[in-house]
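Student: Listed below, chain by chain, are the residues.
2 protein chains.
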Amino acid sequence: MRAAFQGVHGAYSEVAARKMLGPSVHTMPVDSFEDVFSAVTRGKADRGIIPIENSLSGSIHQNYDLLLANNLHIVGEHYLLVEHVLMCHPRSSSTRLGKVLSHPQALAQCAHFLRKNRQLHPEPFFDTAGAAKFIMETESLDCGAIASGYAARLYGLTVLRRNIEDQPNNFTRFLMISRTAWRARHASRTKSSICFRPANNRPGILFSILGVFALRDIDLLKIESRPDRESSFEYQFYIDFAGDPSHHAVANALEHLREMTREYRLLGSYPAAQLK
Amino acid sequence: MRAAFQGVHGAYSEVAARKMLGPSVHTMPVDSFEDVFSAVTRGKADRGIIPIENSLSGSIHQNYDLLLANNLHIVGEHYLLVEHVLMCHPRSSSTRLGKVLSHPQALAQCAHFLRKNRQLHPEPFFDTAGAAKFIMETESLDCGAIASGYAARLYGLTVLRRNIEDQPNNFTRFLMISRTAWRARHASRTKSSICFRPANNRPGILFSILGVFALRDIDLLKIESRPDRESSFEYQFYIDFAGDPSHHAVANALEHLREMTREYRLLGSYPAAQLK
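Taken in order, these protein sequences are the chains called A and B.
Residues 119 to 394 in our numbering are what the first sequence spells out, letter by letter.
Residues 119 to 394 in our numbering are what the second sequence spells out, letter by letter.
No lab work stands behind these hints: they were computed from the structure.
Be a bit skeptical, because a hint or two may be false.
The list cannot tell twin chains apart, which means a pair is met if one copy fits it or any two copies do.
[Claimed, not checked] Calculated lysine to aspartate or glutamate pairs in the EDC-like style (CA-CA distance at most 20 Å, straight line): (1) Lys234 / Asp149; (2) Lys234 / Glu152; (3) Lys340 / Asp153; (4) Lys234 / Asp153; (5) Lys340 / Asp183; (6) Lys217 / Asp149; (7) Lys217 / Glu241; (8) Lys217 / Asp284; (9) Lys162 / Glu152; (10) Lys217 / Asp260; (11) Lys137 / Glu195; (12) Lys340 / Glu241; (13) Lys137 / Asp337; (14) Lys137 / Glu201; (15) Lys137 / Asp164.
Since the model is a prediction, treat every value here as computed from it, not as a measurement.
My request is simple: use the sequences and hints to build the entire structure.
Tutor: What follows is the structure in structure tokens.
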């Protein structure tokens, strides 16, 4: 099983791929999210792993756009707790570090730690795992990195301190995408993701649309509107709900939904993961 | 009028501050979003300018958390089109550039341009405007920067190329925050932002909650659920709707809403901006 992800080996996306597909998965790093989709579409990878939302920085609309632009299916999800680790070259130690490399967002997420350790000058890097790799490759003894514990293990770096993030509940939800749809067998809890635009813009249209689910006792798990710059009165909606079209009520709800929406798309049905 | 924003002079947040408060506003750069809130709370600034959502990267939940943790009011909004500009030192030129500095996210947003101009090696920097400032201060002739056109003007850099972003409809919505609430006078289009948790988690509770608005013909402008890691069955909701509590129907809807929600909070009412 080959799984494409954006970044370099040791990235949080690769950690998610291993959690979802097991440690024997053959992970394939690519440059961009577009490249993840094209690797799966062209059969170079069996699965793609993409982040879709983060508890601090929100939904990654760019990946929703790619889900819509490509003809792939969501077949799984995983909630990954983002735990930042401070690491250094095995021949170095914490007292020798003068700077620490990482993605600016990761550095910002460790602001309190860096404020208390003023000798560690933060330096921006393209990605967290790339910073770990750079330290190992260049044998930098005065540089630390902030990345995943997995990146430290992979590149043979020494873990100096775990969980240096300010907010303990920073998690990212990842989706697994595939050329073929997931088939409901005997999964106990399933989930479906849809995207649509309402058929018109009268006040209350969203209320009517949600009635399709509420009047069939289908539980909503996510709802998000996204304004459309092309036309300021148009919105795109993302909804996740419990169940999949093998359930009679869900199949009927989806039929009903088509009457009230435009550009309706079922992005996939898959086993629901727990927010741990 | 003093307006605090996160970043350095020339940041997109400062561009938004000038659009909202006029070019004579006294802008105050601070290190973090927390610092924006504390500058306003402690009276060091009259207003704070914070990004709240981006059309590609979604809602900035961190700033919703800060709105909830602080006792400030949203008093305005602005949609800013993010137009990335390639710039260099006035004594340099495009043929002399070997690298280009910017925030990794801005570099990623100009990936197509950078792929077509392979001589420009991208290098990560803390922020877009900081890259522009660095080039001017260090008189780097072999380095370009990707930042706002305003940053180029401010630091006296030469604009080499405008609109180098891949996606033309990349916009950020900014909020203006203040110690005192905005008062409805004769604004034609107003908007209110609320945050709450449903009173219980029965399927259909959200449908009932939206009925509070739909049955009063109040138009919803944004709806977003945010899962809560502490309890995987709990969601926080953000809703923006048309109108403000000076309208009778809105005041009644907000009273009605309290019965069906917990941790309800009106984050502010303010004149609605157009998505241009």
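Student: Hints first: check each against the structure and report whether it holds.
Tutor: Hints, one by one, checked against the model:
Taking CA atoms no more than 20 Å apart as the test, Lys234 paired with Asp149 passes between copies only; the shortest distance there is 15 Å, against 34 Å inside one copy. With identical chains, the CA atoms of Lys234 and Glu152 are at most 20 Å apart between copies only, with a shortest distance of 16 Å across copies and 39 Å within one. In this homomeric assembly, Lys340 and Asp153 never come within 20 Å of each other (Cα to Cα): the closest approach is 27 Å inside a single copy and 31 Å across copies. With identical chains, the CA atoms of Lys234 and Asp153 are at most 20 Å apart between copies only, with a shortest distance of 17 Å across copies and 39 Å within one.
In this homomeric assembly, Lys340 and Asp183 come within 20 Å of each other (Cα to Cα) both inside a single copy, at 17 Å, and across copies, at 19 Å. In this homomeric assembly, Lys217 and Asp149 come within 20 Å of each other (Cα to Cα) only across copies, at 19 Å, whereas the closest approach inside a single copy is 26 Å. When the C-alpha separation of Lys217 and Glu241 is checked against a cutoff of 20 Å, the pair qualifies both within a copy, at 7 Å, and between copies, at 17 Å. In this assembly of identical chains, the alpha carbons of Lys217 and Asp284 lie at most 20 Å apart only when taken from the same copy (19 Å versus 33 Å across copies).
When the C-alpha separation of Lys162 and Glu152 is checked against a cutoff of 20 Å, the pair qualifies only within one copy, where the shortest distance is 14 Å, while the shortest distance between copies is 44 Å. Taking the shortest Cα distances, Lys217 and Asp260 sit within 20 Å of each other inside one copy (7 Å), while across copies they are farther apart (24 Å). In this homomeric assembly, Lys137 and Glu195 come within 20 Å of each other (Cα to Cα) only inside a single copy, at 10 Å, whereas the closest approach across copies is 41 Å. Proximity of Lys340 to Glu241 under the C-alpha cut-off of 20 Å is found in neither arrangement, the shortest distances being 36 Å within a copy and 37 Å between copies.
For the identical chains of this complex, Lys137 and Asp337 are neighbours neither inside a copy (27 Å) nor across copies (42 Å), given an alpha-carbon limit of 20 Å. For the identical chains of this complex, Lys137 and Glu201 are intra-copy neighbours only, at 15 Å inside a copy versus 38 Å across copies, given an alpha-carbon limit of 20 Å. Only within a single protomer do Lys137 and Asp164 lie at most 20 Å apart by alpha-carbon distance; the minimum there is 16 Å, versus 48 Å between protomers.
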